[in-house]
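Participant: Can you build the whole structure from these sequences, using the hints too?
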Amino acid sequence: MKRFLIVALTGAVLSGAALAQQGKAGDYVWNAPDPEKDRALAHKADPVAGKVAYEVCRGCHRADASGRADAIYPQLAGQHTTVLIKQLVDVRAGRRHNPKMEPFVSAEVLSAEDIGNIASYLALLPTPTNNGKGDGSKLALGERLYRENCVRCHGNYGEGSAQAFYPVVASQHYEYLFKELQMIRDGERRNSYPEMVQVIKGYGDDELRALSDYMSRLVLPANR
Amino acid sequence: MNGDKFRKIAALALLGALPAASALAQPVGDAARGRELVEQNCIACHGVDGNGPVPSFPKVAGLHYEYTIKQLHEFQGKRRPSEIMQPIAAVLTEQQVQDVALYFASQRAVPVDTVDASLLPLGRKLYEDGNSDSGVPACAGCHGTEGRGNARFPRLAGQFQEYVVAQIQQFAEGKRTNDKRMMQVIANRLTAEEVQAVAHYIASMP
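First to last, the protein sequences are chains Y and B. For what it's worth, this note's numbering labels the leading residue of the first sequence as 28, then goes sequentially. For what it's worth, this note's numbering labels the leading residue of the second sequence as 209, then goes sequentially.
Some hints here could point you the wrong way.
Only pairs whose alpha carbons sit at most 25 Å apart, straight line, appear in this in silico DMTMM-like list of lysine to aspartate or glutamate [stated by the list, open to error]:
hint : chain 1 : residue 1 : chain 2 : residue 2
1    : Y       : K127      : Y       : E63
2    : B       : K333      : Y       : E129
3    : B       : K278      : B       : E354
4    : B       : K388      : Y       : E140
5    : Y       : K127      : B       : E402
6    : B       : K278      : Y       : E135
7    : B       : K333      : Y       : E202
8    : Y       : K160      : B       : E336
9    : B       : K286      : Y       : E135
10   : Y       : K127      : B       : D337
11   : Y       : K206      : B       : D341
12   : Y       : K160      : B       : D341
13   : B       : K333      : Y       : E82
Honestly, the hints are just simulated from the structure, not real lab data.
Facilitator: In structure tokens, the structure reads:
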């Protein structure tokens, strides 16, 4: 299991550097090298220690990492280690704004190695499918837009890509997805992928809601 | 693919089976010697069984070994304020610190029976669910669903409401700072009403 993780992570670090080149917008470079992120990615992760370190997160993201549909706390269970590490480091570095969470993921509380351990633990957890969903009224629109514009990065099943730092979006809470899409479109999530921002720039809230509802109903294949 | 699936299942099984890393450290000390020390130096405020007679002095029964040692070291090093406890801790040897920590851990806290029942529903909600509007995490997340705590997060169940309120006040004012800033943030996000409610709920927990 450990060997598998290390191989996966080493691969991810290498391709992360290459991918950063495609994520430029002006001065901003998406997923640029960051000493703390690189330490967390390279760390020989220990999911058992990660389970203990995750205790400080349970009060919001819950013990099974299913988050909360009503409170816009995302589901973390089954997310890729690379994505989890990047997002946590981005919050610490101020690239992603999250004042509610920031004090609990500060350097005082977690080392870069703790972040790697937590990510390896969360990635192993099964993703619950009783997540918050939309009203189901625009699923056809959501499906069409997703197939046309999102599938090449986020995958047929919403499985994203660990190698490429593309998040899992399957079975994520509807309200969280909608809020993130709005923030990404409106330039309020400062760690976004420029190519994706281009794709959703012209979308209205109705289209973002349709996409969010569709993604919230995607289910990861059992043998992922 | 199937190989990955197998490894994932195997890893999950491992996670369930292994004890937390912190549980592996073997405590040292002598609980019987600890009890003798408590009978001589601590009994007036904390009681012989750690369920003190007066609500302004915390219950120490059932506190985890690591937590008690950390607090006594911090009183000694003046990293946790208390005009009462600093001089008392200052004269303890390391052996005595370990002995009382082991003794307190072996005692059982009894719940408080003077709580205001009308506050319990709100207190319970905060304890188990937090307040997501203001960003208060559920206390259960760190202190455990039953308030038993662990080596890092103190036991709370059965603690006097007066002491809980006083500590949250200290955190909010930045006077107690041995919490890696987590409780200071939480204390500042709680309203006065919420502090009372959650303190009474904690006191009522068995």
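Participant: Against each hint, give a clear statement of whether it holds in the structure.
Facilitator: We went through each hint and held it up to the structure:
Distance hint between K127 (chain Y) and E63 (chain Y) is fulfilled; the C-alpha atoms sit about 21 Å from each other, no more than 25 Å. Restraint check for K333 (chain B) and E129 (chain Y): the C-alpha separation of about 23 Å stays at or below 25 Å, so the hint holds. Distance restraint check for K278 (chain B) and E354 (chain B): the Cα-Cα separation of roughly 22 Å lies within the 25 Å cut-off, and the hinted pair is therefore satisfied. For the given pair, K388 (chain B) sits about 17 Å from E140 (chain Y) by alpha-carbon distance, which is consistent with the 25 Å threshold.
Our distance criterion of 25 Å between C-alpha atoms is met by K127 (chain Y) and E402 (chain B), whose separation comes to about 18 Å. Distance hint between K278 (chain B) and E135 (chain Y) is fulfilled; the C-alpha atoms sit about 17 Å from each other, no more than 25 Å. Annotation: proposed proximity of K333 (chain B) to E202 (chain Y) holds, straight-line Cα distance about 22 Å (limit 25 Å). Of the pairs offered as hints, the one joining K160 (chain Y) and E336 (chain B) holds, with about 24 Å between alpha carbons and a cut-off of 25 Å not exceeded.
At roughly 20 Å between alpha-carbon atoms, K286 (chain B) and E135 (chain Y) fall within 25 Å of each other, so this suggested pair holds. For the proposed pair K127 (chain Y) and D337 (chain B), the alpha carbon gap of about 15 Å is at most 25 Å, so the pair holds. Restraint check for K206 (chain Y) and D341 (chain B): the C-alpha separation of about 15 Å stays at or below 25 Å, so the hint holds. The hinted pair formed by K160 (chain Y) and D341 (chain B) meets the criterion: a straight-line CA distance of about 20 Å does not exceed 25 Å.
Between K333 (chain B) and E82 (chain Y) the alpha-carbon distance is near 19 Å, which keeps this suggested pair within the 25 Å criterion.
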